[in-house]
Amino acid sequence: MLTPVVDEDGAPFWGYAAQGELRVQTCADCAEPRFPPRPCCPHCQSFASEWRAVSGRGRVWSFVVPHPPLLPDYAELAPYNVIVVELADAPRIRLVGNLVTGPDAPLNSFPPERIRIGARVQVVFSSAGLPQWILERP
Amino acid sequence: MAVAPDTAGIRGVTGIKDATAIAGIGQTSFARQLTENERTLACRAILAALDDAGIAPAEVDALASYTMEETDEVEVAKALGLGDLTFFSKVGYGGGGSCATVAHLAAAIATGQATVGVAWRSRKRGSGPRPWRNTSVQLPTPAQWTRPFGLLRPSDEIAMLTRRHMHEYGTTRDHLFNVALACRNRANQNPDAIMYDRPLTREMYMTSRWISEPLCLFDNCLETDGALACVVVSAERARDCRRTPVYIHSAAQGLPAQHHGMVNYWNDDPLTGPAWTAARHLWKHADFTPDDVQVAQLYDAFTALIPLSLEGYGFCGRGEGGAFTEGGALESGGRLPINTGGGGLSEAYVHGFNLITEGVRQLRGTSTAQVPGAATCLVTAGEGVPTSALLLRS
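As given, the protein sequences belong to chains Y and G, one line each in that order. Its first residue numbered 1, the first sequence is counted upward by one per residue in our numbering. Its first residue numbered 1001, the second sequence is counted upward by one per residue in our numbering.
Since the hints were derived computationally from the structure, they do not count as laboratory data. Since the model is a prediction, treat every value here as computed from it, not as a measurement. Please note that the accuracy of each hint is not assured.
[Stated by the list, open to error] Example chain Y residues on the side facing chain G (calculated, C-beta under 8 Å, incomplete):
{"#": "1", "residue": "L2"}
{"#": "2", "residue": "V64"}
{"#": "3", "residue": "V65"}
{"#": "4", "residue": "P111"}
{"#": "5", "residue": "I134"}
Glycine is no exception: its CB is placed at the ideal position from the N, C-alpha and C atoms.
Can you make the complete structure from the sequences, with help from the hints?
Pasting the structure below:
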């Protein structure tokens, strides 16, 4: 499986995720959250930022179900789902992830036909430190 | 019928409107696998375009191509015996760069930086490596937000926007089929198209294998080897060339605020992509409107890009792109015939350059699916990435 190729701006996100925390880069001056992480606030041009903890609740904004040809590790799991989650605390921040049946469950553990746009989801973390998503009310 | 523009030469021109024209086009054959290498194919396409225009290689003083083009301008110029170059340019973002290569030449020629420009694209995608087969490929860092979760290919990335468009606006697979069918029907009229002898039916489409739900096999462009080129000169010069000039009426690039290429999920409004930005500039500088466009060549790496482009370029309202495809609107004789050579879905996928050459053929009156009397044509580059577009007129 692919692991994130982390850059300097993204490193804190992955660092917090490895500790089981979902945090979002937020401007320390105007409090505007932003994603993906970057050095400067597009709203007020401040270079001061902090990493704000969010509730980890969100809704499915969209989803796809990839089929081969895919990279070998992913082809083995296909068809699996990929979702985009709109965060409840910051609706314009949408994270790509997978809807799974529980922490560390494989990408294909949740049946694609049961996924609905708008479904409420909750973040969990894999042992590799990747944010994953489960239904808030399974 | 359009009136011939009277903008002569470069003096006194305040913009690029009709100041330049495409005077020649050329291409190699298209196939899943060609034996010659990309540099050879590029040379053949460029020489064909210059011959079409009746211009000698030594007169070329400007080149433009894509940043993903692997045939370097130094090598191309040397191989072909081009003259001293005074302008060369490369445009980024893959298929988003197609129309901008021509636009850069038009701007250079209109402002006197060069006199004869060639834009080209040579690509062996059919026989070349496909990135998702090789785990050792170096991932660009923005991919840290998508690839680990299995969102691997452009098809997956655009399928995400497609599903959302379906959810918000009721766009259906039948709408996407309408796009695939229009392109295939035109390819069935074009002997140069890879899918010339391969008709498509609704049953074939609906029962085909998935690539990334909701996109199936026929929603995805071809994998093609081939090269194309076109020659840009001043409008005045073009009138002395072999062929009927095709004037570059308006041109634009588009990189919207807070855009994130292919996975444009992180701005306020992900369903209004780069097409919207390019369109605003394009129409601002044009003497006509979308209602006056008689034929369009819309970038079709995926069928779902067509509804997004129809909305972005103003052929219908927001969310109406799927419904626009109904009733044969995109077919010959319909409200807006598209991709009359077959497009990336059914003629060849050469990062959209075949859409430019087909636009030229329509305005010369030489398309294999000619729209009678076509005098205006919109050509677009890849939607979903920083893009570009051209309004061409005869």
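Hints and how they fare:
no.	hint	verdict
1	L2	holds (5 Å)
2	V64	holds (4 Å)
3	V65	holds (4 Å)
4	P111	violated (13 Å)
5	I134	violated (15 Å)
Hint compliance for this structure: hints 4 and 5 are broken, all remaining hints hold.
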